[in-house]
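2 protein chains.
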Amino acid sequence: MAGRKGNLMGVRDDIKLLDATIRDGGLCNNFEFTDEFVTELYKTNVKSGIDYMEFGYKASRNMFNESEFGKWKFCKEEDLRAIVGDNLSDMKIAVMADVGRCDYRTDFIPKSESVIDMVRVACYIHQIPAAIEMIEHFHTLGYETTCNIMAVSQVSTEQLTQALEMLSQSSVDVIYLVDSYGSLYPENASELARMYIKAVEGTGKQIGFHAHNNQNLAFANTIETMSYGVSYLDATVQAMGRGAGNCAMELLLGFLKNPKYNLYYLLKFIEKYMLPLKEQGVVWGYDLQYMFTGMLNRHPREAIEYTNQHRNDFSEFYKILLENY
Amino acid sequence: MAGRKGNLMGVRDDIKLLDATIRDGGLCNNFEFTDEFVTELYKTNVKSGIDYMEFGYKASRNMFNESEFGKWKFCKEEDLRAIVGDNLSDMKIAVMADVGRCDYRTDFIPKSESVIDMVRVACYIHQIPAAIEMIEHFHTLGYETTCNIMAVSQVSTEQLTQALEMLSQSSVDVIYLVDSYGSLYPENASELARMYIKAVEGTGKQIGFHAHNNQNLAFANTIETMSYGVSYLDATVQAMGRGAGNCAMELLLGFLKNPKYNLYYLLKFIEKYMLPLKEQGVVWGYDLQYMFTGMLNRHPREAIEYTNQHRNDFSEFYKILLENY
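Chains A and B, in that order, are what the protein sequence lines are. Each number in this note's numbering corresponds to the 1-based position in the first sequence with 15 added. Each number in this note's numbering corresponds to the 1-based position in the second sequence with 15 added.
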């Protein structure tokens with residue numbers, strides 16, 4: 016398999032940082048960010064040199080009631096433009112579309128009329144054909160596209176090989192390795208990354224990585240997969256994201272040597288907007304209950320429930336997880 | 016350089032876990048643990064399959080006033096025996112002796128009369144000759160010994176090569192790679208680990224790793240260096256240790272596949288003894304201020320001071336660190 020790409024002191028121009036704070040972080044607060052928060056994060060990301068900012072989901076308004084969620088679950092064009100105007104910055108705007116949970120044929124206008132640059136299609140392995148159909152549609156509309164294959168830690172090598180082969184023949188621009196359960200160790204993550212990279216060799220497609228911090232390995236797995244050639248890196252401010260959270264953007268900005276990236280403005284944002292969010296009681300981040308679901312390679316839903324109940328009986332929770340394996 | 020040793024599903028019998036909670040964690044609370052805490056941790060470690068438990072320092076009572084510290088800064092024989100009796104368990108007892116800060120010629124009795132099994136000699140690179148003198152003394156007394164070379168991230172390759180050569184000709188049993196500033200990335204850590212391993216090839220000596228969590232990489236660096244053949248792994252309960260803390264023992268117990276290790280009892284201990292410690296205001300663990308000193312490869316003293324002052328002006332603190340680089 017291929018070796019490492021670049022070194023710890025160099026700059027790799029293929030690296031793209033994607034801030035997923037509003038999208039993955041929105042899962043912690045029902046997407047109820049204030050306009051000020053989102054506007055200031057947008058400005059901060061531009062000043063920090065971030066390459067893409069994901070604003071949320073384009074969820075079906077037939078399946079989900081708009082009154083029950085913050086607006087970033089739906090990312091309507093007018094709501095995006097209220098924040099970014101015509102987005103005159105170099106940073107690109109991304110939204111996520113879940114297979115089976117969006118009305119992609121009606122809810123997306125041509126790229127030439129939209130401020131959105133990239134649509135990220137999230138799917139499980141059995142939804143790959145549906146994902147490809149969506150990707151081709153978005154490609155025809157003029158958008159950049161990614162395919163984020165979730166929960167790969169539960170997928171067989173054979174299935175994954177077939178999925179990667181199908182995607183490598185599609186119009187998709189970036190294929191994401193997604194550690195949904197935070198169950199990958201750096202050795203697993205880099206092995207999978209090399210498999211993805213090999214699958215797209217010669218196609219011009221890029222590979223991305225989306226981490227979860229269940230075993231406190233989100234940052235480590237991100238820089239490890241990057242070292243083998245993964246170039247699209249998801250992160251969120253202070254690792255805000257469902258359950259144990261993601262890879263912290265500040266850690267990545269501290270690590271990367273490209274002078275276009277700047278840590279200082281993100282720290283200002285953290286002081287003014289993230290600390291109050293935590294004080295208001297929005298909860299995320301590594302803790303023992305997430306370590307358990309990570310090491311057992313399962314969905315964090317029980318750990319999230321445990322967290323919401325403010326429980327501290329870790330040993331009992333662990334015992335029951337083992338019983339329900 | 017040598018490749019990885021073992022795999023993610025296997026058991027490596029050379030692995031030894033060392034719990035350093037009282038010693039490194041003692042730096043957070045002036046070594047003022049209750050006897051109940053230390054006794055219960057000892058029992059927990061025995062039940063969890065931990066190989067070594069480090070009880071604290073053997074600091075000079077001429078240099079440090081006994082009334083100003085908890086007893087685990089001095090680890091007197093009678094204090095150890097009050098906890099462990101004759102230590103009839105399989106777990107071994109370790110203490111740390113800092114070069115230049117202990118009276119090693121008078122304060123250590125022969126191993127045959129002591130409940131201590133291992134003396135860990137901590138030193139900076141310029142103290143290697145002094146460390147070797149101590150190691151030979153402890154070896155003559157019958158103890159297992161380690162040499163923990165601190166702050167290697169600031170040491171030149173030439174110096175380190177010489178130090179490792181000197182140590183490989185000494186009586187030391189284990190040489191520790193110590194990431195004092197939490198500044199190593201997994202790539203650096205594993206490269207250094209392979210250098211240490213190569214230096215002791217054919218001598219029968221083992222290599223250990225002691226992590227700090229400044230960049231949230233303590234666990235990642237520990238399992239990464241282990242994968243290349245490091246076998247003595249330091250960890251602490253809930254990562255308790257100076258500043259950003261260490262590698263969390265619970266993460267290691269969750270990772271290792273050897274059935275001798277057991278996570279459940281440690282969780283019971285955490286519930287009953289660690290959560291109250293945090294509630295009492297004992298503070299440690301990853302936060303932005305430690306990330307800064309980690310990425311800048313410097314001593315965390317300014318970050319510890321910042322923490323003690325309960326400051327939240329991260330951007331200002333970062334700016335000043337850059338000015339005083």
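It is possible that part of the hints are untrue.
Identical chains blur together in the list; that is why a pair holds if it fits in one copy or across any two.
What the hints assert, rightly or not - No more than 20 Å apart at the CA atoms, straight line, and that leaves these computed lysine to any residue pairs for SDA-like:
{"#": "1", "residue 1": "Lys275", "residue 2": "Gly217"}
{"#": "2", "residue 1": "Lys58", "residue 2": "His325"}
{"#": "3", "residue 1": "Lys283", "residue 2": "Ile335"}
{"#": "4", "residue 1": "Lys20", "residue 2": "Ile30"}
{"#": "5", "residue 1": "Lys334", "residue 2": "Leu271"}
{"#": "6", "residue 1": "Lys20", "residue 2": "Asn203"}
{"#": "7", "residue 1": "Lys272", "residue 2": "Gly64"}
{"#": "8", "residue 1": "Lys283", "residue 2": "Lys334"}
These are computed hints drawn from the structure, not numbers from a lab.
Hint check:
1. Lys275 <-> Gly217: neither (28 Å within a copy, 47 Å between copies)
2. Lys58 <-> His325: Neither, since 35 Å and 28 Å both go past 20 Å.
3. Lys283 <-> Ile335: between (42 Å within a copy, 14 Å between copies)
4. Lys20 <-> Ile30: Intra 11 Å, inter 31 Å, cutoff 20 Å: intra-copy only.
5. Lys334 <-> Leu271: between (40 Å within a copy, 18 Å between copies)
6. Lys20 <-> Asn203: Close inside one copy (18 Å) and across copies (15 Å); limit 20 Å.
7. Lys272 <-> Gly64: Within one copy, since 12 Å is at most 20 Å while 42 Å is not.
8. Lys283 <-> Lys334: Only across copies: Lys283 and Lys334 sit 11 Å apart there, 42 Å inside one copy, limit 20 Å.
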